[in-house]
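Novice: Listed below, chain by chain, are the residues.
Protein chains: 2
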Amino acid sequence: MKKGDTFQHSFKVTEDIYKGFIDIFKDRNPLHTDAVFAKQKGFAGQVMFGNILNGFISYFAGECLPIKNVMIVSQEIKYSKPVYLNDELEFYAQIADVFESVKLVEIKYHFEKSPKVKVAQGKIQIGII
Amino acid sequence: MKKGDTFQHSFKVTEDIYKGFIDIFKDRNPLHTDAVFAKQKGFAGQVMFGNILNGFISYFAGECLPIKNVMIVSQEIKYSKPVYLNDELEFYAQIADVFESVKLVEIKYHFEKSPKVKVAQGKIQIGII
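Here the protein sequences come in this chain order: L and P.
Sequential numbering of the first sequence, starting at 1, is according to the working numbering.
Sequential numbering of the second sequence, starting at 1, is according to the working numbering.
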């Protein structure tokens, strides 16, 4: 992995993922589970959990890099637009820095939904183990 | 919610959560699924997914605050120690800043496992909606 390398992956926020997330983490906040509440707050429907995107980042780090001996050291994410059920997200990442002395790679990323709307962005530090 | 307010919650990384996380996010990286690989890398066994802790943060933000009309705006997490299956984690959070003009609350947090070992820490920005 070297500076400038890019990665791309498609994710979809399916009903299985949404319901599975609620099953395991028990977050039933009304913004995410009550369409009437979410609409009162100005959204088109229940807003998907931001941390579903962090689950996608887990998949990216664990499965989409050219090596498997990796471990997430830190993560940052900023949510800029709501994501709804069945939204298809395109994930774009680029290696921003490689710190060979400490076996660390810094990756910048963002998620887009059609048409070219950035919904979240951030940074991931990945250690080579 | 005001500056200095503190929160605490106990979480356990159960088998249901671990297996559920794999089911929904499909991250089967060997560090998290192959005990032999993880031990070769110096760990005591499969390391739990860091993003399980982010799922716990979703629960905290959605369910443990005194108000429900909240939305995570951004999150940061730094992982400092491995978490293993069935580890019991204590989550400590404190409101670091309240920005009333933009209805934003900044919370600093960390997760500990017994005996007083900090396993992860970070910051969450929560918007009041």
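Hints listed in this document are in silico derivations from the structure and should not be mistaken for laboratory results.
Since we're looking at a predicted model, the values are computed, not measured.
Watch out, some of these pointers could steer you wrong.
The list treats identical chains as one, so a pair stands whether inside a single copy or across any two.
What the hints assert, rightly or not - Computed list of lysine to any residue pairs in SDA-like fashion (alpha-carbon distance at most 20 Å, straight line):
1) Lys39 - Val73
2) Lys41 - Glu15
3) Lys19 - Val98
4) Lys3 - Lys19
5) Lys19 - Tyr59
6) Lys103 - Lys113
7) Lys19 - Glu112
8) Lys26 - Glu63
9) Lys113 - Val102
10) Lys123 - Val102
11) Lys78 - Gln125
12) Lys26 - Asn69
13) Lys81 - Ser114
14) Lys118 - Val98
15) Lys118 - Gln40
16) Lys2 - Ile128
17) Lys41 - Gly4
18) Lys39 - Asp16
19) Lys78 - Glu106
20) Lys41 - Gln94
21) Lys123 - Glu76
22) Lys68 - Pro30
23) Lys123 - Val36
24) Lys3 - Lys81
Novice: Each hint should be assessed against the structure and marked as holding or not.
Specialist: Status of the hints after comparison with the structure:
1. When the C-alpha separation of Lys39 and Val73 is checked against a cutoff of 20 Å, the pair qualifies only between copies, where the shortest distance is 18 Å, while the shortest distance within a copy is 37 Å.
2. In this assembly of identical chains, Lys41 and Glu15 lie within 20 Å of each other by CA distance neither inside one copy nor across copies; the values are 22 Å within and 36 Å between.
3. Proximity of Lys19 and Val98 under a CA criterion of 20 Å is satisfied in neither setting, with 37 Å inside one chain copy and 32 Å between copies.
4. In this assembly of identical chains, the alpha carbons of Lys3 and Lys19 never lie at most 20 Å apart, being 37 Å within a copy and 34 Å across copies at closest.
5. In this assembly of identical chains, the alpha carbons of Lys19 and Tyr59 lie at most 20 Å apart whether taken from the same copy (18 Å) or from different copies (14 Å).
6. In this assembly of identical chains, the alpha carbons of Lys103 and Lys113 never lie at most 20 Å apart, being 33 Å within a copy and 26 Å across copies at closest.
7. In the homo-oligomer, the alpha carbons of Lys19 and Glu112 never lie at most 20 Å apart, since the shortest distance is 22 Å inside one protomer and 28 Å across protomers.
8. Within a single copy, Lys26 and Glu63 get their C-alpha atoms only as close as 26 Å, which misses the 20 Å cut-off; across copies the closest is 9 Å, which meets it.
9. Taking the shortest alpha-carbon separations for Lys113 and Val102, neither the intra-copy value of 35 Å nor the inter-copy value of 26 Å comes in at or below 20 Å.
10. Proximity of Lys123 and Val102 under a CA criterion of 20 Å is satisfied intra-copy only: 18 Å inside one chain copy versus 24 Å between copies.
11. When the C-alpha separation of Lys78 and Gln125 is checked against a cutoff of 20 Å, the pair qualifies both within a copy, at 15 Å, and between copies, at 9 Å.
12. For a Cα distance limit of 20 Å, the shortest separation of Lys26 from Asn69 across copies, 17 Å, qualifies, whereas the shortest one inside one copy, 31 Å, does not.
13. Taking CA atoms no more than 20 Å apart as the test, Lys81 paired with Ser114 passes inside one copy only; the shortest distance there is 12 Å, against 38 Å between copies.
14. In this assembly of identical chains, the alpha carbons of Lys118 and Val98 never lie at most 20 Å apart, being 25 Å within a copy and 27 Å across copies at closest.
15. Taking the shortest alpha-carbon separations for Lys118 and Gln40, neither the intra-copy value of 24 Å nor the inter-copy value of 40 Å comes in at or below 20 Å.
16. Only within a single protomer do Lys2 and Ile128 lie at most 20 Å apart by alpha-carbon distance; the minimum there is 13 Å, versus 40 Å between protomers.
17. In this assembly of identical chains, Lys41 and Gly4 lie within 20 Å of each other by CA distance neither inside one copy nor across copies; the values are 40 Å within and 28 Å between.
18. For a Cα distance limit of 20 Å, the shortest separation of Lys39 from Asp16 qualifies neither inside one copy, at 23 Å, nor across copies, at 32 Å.
19. For a Cα distance limit of 20 Å, the shortest separation of Lys78 from Glu106 qualifies both inside one copy, at 16 Å, and across copies, at 13 Å.
20. In this assembly of identical chains, the alpha carbons of Lys41 and Gln94 never lie at most 20 Å apart, being 35 Å within a copy and 26 Å across copies at closest.
21. With identical chains, the CA atoms of Lys123 and Glu76 are at most 20 Å apart both within one copy (5 Å) and between copies (9 Å).
22. In this assembly of identical chains, the alpha carbons of Lys68 and Pro30 lie at most 20 Å apart only when taken from different copies (7 Å versus 38 Å within one copy).
23. When the C-alpha separation of Lys123 and Val36 is checked against a cutoff of 20 Å, the pair qualifies neither within a copy, at 34 Å, nor between copies, at 30 Å.
24. In this assembly of identical chains, Lys3 and Lys81 lie within 20 Å of each other by CA distance neither inside one copy nor across copies; the values are 28 Å within and 27 Å between.
Of the hints listed earlier, those the structure fails to meet are numbers 2, 3, 4, 6, 7, 9, 14, 15, 17, 18, 20, 23 and 24, in rising order.
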